[in-house]
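Chain by chain, the residues run as shown.
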Amino acid sequence: MVYQSIEKAKDSYDVIVVGSGLGGLTVSNRLARAGHRVLLLEHHHRLGGLATWFKRKNHIFDVSLHGFPYGMVKTCRKYWNEAIKNSIVQLKHIVFDNPQFSLTTTFDRQDFTRILQEKFGISGTVIDDFFVTVRKMNFYDDLAMSTRELFEEFFPGRTDVHRLLMEPITYANGSTLDDPAITYGIVFSNFMDKGVFTFQGGTDHLIGMMRDELEANGVTICTNSKVERIVIEKGRVKGVMVDDRVISAPCVISNSGITNTVDSLAGREAFPEDFLDAFDKVKINNSSCQVYMGIKPGESFPDVGDLLFTSTAPNFDSLEMRDMKTKSRTFSIYYPQTRPANPDYTVVASMNGNYDDWAALSDEEYQAAKQEMIERSLVDLERYIPDIRSKIDWLEAATPKTFSRYTLHTKGASFGTKFPGLDISRKIFKVVPGLFHVGSVGIIMSGWLGAINYGVIVANDADAFLRS
Amino acid sequence: MTRGEIKNVILEIIADIDEDADMADLNPDEPLRDQLDLDSMDFLDIVMELRKRYKLQIPEADYPELATLTSCINYLEPKLKAL
Ligand SMILES: Cc1cc2nc3c(=O)[nH]c(=O)nc-3n(C[C@H](O)[C@H](O)[C@H](O)COP(=O)(O)OP(=O)(O)OC[C@H]3O[C@@H](n4cnc5c(N)ncnc54)[C@H](O)[C@@H]3O)c2cc1C
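For the protein sequence lines, the chains are A and B, in the order given. Read in order, the letters of the first sequence are residues 1 to 468 in the numbering used here. Read in order, the letters of the second sequence are residues 1001 to 1083 in the numbering used here.
Treat the hints with caution; some may be incorrect.
[As the list claims (entries may be wrong)] When the alpha-carbon atoms are kept at most 20 Å apart in a straight line, the in silico DMTMM-like pairs for lysine to aspartate or glutamate are as follows:
id: 1; chain 1: A; residue 1: Lys327; chain 2: A; residue 2: Asp357
id: 2; chain 1: A; residue 1: Lys78; chain 2: B; residue 2: Asp1018
id: 3; chain 1: A; residue 1: Lys136; chain 2: B; residue 2: Asp1034
id: 4; chain 1: A; residue 1: Lys78; chain 2: B; residue 2: Glu1012
I should point out that these hints are in silico values taken from the structure, not numbers from a laboratory. Just so you know, these numbers come straight off a predicted model, no measurement behind them.
Next up, chain B with everything else stripped away, as it sits in the complex:
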């Protein structure tokens, strides 16, 4: 997957979790939590959805890597490269 495709996947998963999320003026380098009112349960949902879709195991210790849109893409890029 390309960085652009990964970005779309993440935005799609977030839209499923929070139907009111306004992604139009999302700053990719600011924490998603602050901009979209996501809580720790929402991040768990993202992790579980990524595992379901791509068999991707994200250990708890790596959860901080999912803080911003850019850090998500950086973290996922090598893992989803082959797909």
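If we strip away everything but chain A, and leave its shape as in the complex, we get:
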């Protein structure tokens, strides 16, 4: 992909978007379509943020294309285009395998109802009540109830049921049983609507289609362009500092993490004390680790499932899942139909992770820890594909340090912040006119669907500001 270099950017725009994650891309597209002149700046050499991929040998590895809810169909049709919408396909073969249960599901309400009844012996009325309760949850509802309390109310003492309901969501957004039940209810219901979906053609294909749409709508895109500073004068946004020059705009939308946006890009001096008090209480979410495996050309293996939630830990435990030596990981299996134009088999093992654990290691320890993680992942995968080792021609690991380096997110946060971050993100423009934040926050606004929809919400705020 070739983008314009920053020297060619004009001196002023209506809006400057800092960062090209799915939130930044979507806010750019919406505002350009609404008639504003938009400059999109990205520090990396490609667009997409965490929605990214990389090439090794003849393989293309997808980093965050493991599955998203059906809601993406409507969202992509409305806010992107038909071609993007039409690339969405279902992943029908989801596997759970742990000491408490092993099962295969399409991961939707109907199939979960069947499983909860037949395998777990839960009564149909309890299951229906549970689904109705979580479906009705709204982000402005009461926050007092935790997910743990929600589960105890419907399935008291049933740690196996809690695991079935929670484990995938902990992978999807880092939330735990102690987070507000509404964050669980909203995300879980989104998935249960119709199951788990993916993009045929891969992340590279999607981001390429998004770039074409942005260009057709007149967005100026500059990559390799790290914004050093958001310029704020007399309490109002004036533009950004990039490549030793100021590009001016009355409206700047940061897709950088909320902590970076306040602490580094805008600078704490731009905000009043009560805002900073609330901001300092916001906790960021955990980071991730991954192991990427490429299969030799000509080799294959049978269908063992699309997404495997595996663990040898006795119980669900979100702390265990973030441990460097976790026994819990998901395997995303990419079959040749993922990229019909470039058929290949790849496997990505994903784990949650803590930045501090990995950052504390010496170089030598870090390399060794990565090797051990690769080895543990292989041993686990052998349970499903026994001869996998002999078929692999590429093995590589990513850690929280890797995610931090590519996205600049504080401590490599994979899923933004805990719930209170949403309020900070939503009110930042009321404190500094012209300054907006978009991107993973508050658990519910993370993931591909959350980040895109949040881009639409912030575009509406920014449009109102620009037309006022």
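Please build the complex by placing chain B with the ligand on the supplied structure of chain A, with the hints as guidance.
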């Protein structure tokens, strides 16, 4: 704009948002959300489109006014009278 013109504008915007929306037997006094399967994102789209077309700013606190077709028209009538 007359009430009839406002109604047509709203129906046109909704048709753009949801191409499958069946507006033929829409009850003007029942929530649009229930009849047309509109979600909160769809209402945001209506707000943004009205702002684009008529420079109309609808504050978040007023979103409930857009619940039914009749309440939409009542709310928008004084604001779009001059157009
Ligand atoms: C391992 C992993 C797996 C995941 N799997 C899934 C999944 O299967 N399904 C799902 O729905 N979600 C998944 N997610 C979550 C999803 O990828 C993210 O929530 C979403 O992509 C985040 O979008 P965002 O808009 O917040 O921006 P981000 O993707 O976080 O991007 C922010 C962008 O801003 C840029 N930037 C930051 N600072 C600057 C600066 N100063 N100047 C210029 N540019 C800057 C960064 O380079 C980056 O491109 C996964 C995440 C991870 C880490």
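Verification of the hints:
A C-alpha spacing of about 16 Å is found between Lys327/A and Asp357/A, which places the hinted pair at or below 20 Å, so the restraint holds. With a C-alpha separation of about 8 Å, the suggested pairing of Lys78/A with Asp1018/B holds against the 20 Å cut-off. For the suggested pair Lys136/A and Asp1034/B, the alpha carbons sit about 14 Å apart, so the restraint of at most 20 Å is met. Taking the CA atoms of Lys78/A and Glu1012/B, the gap is near 15 Å; set against the 20 Å cutoff, the hint holds.
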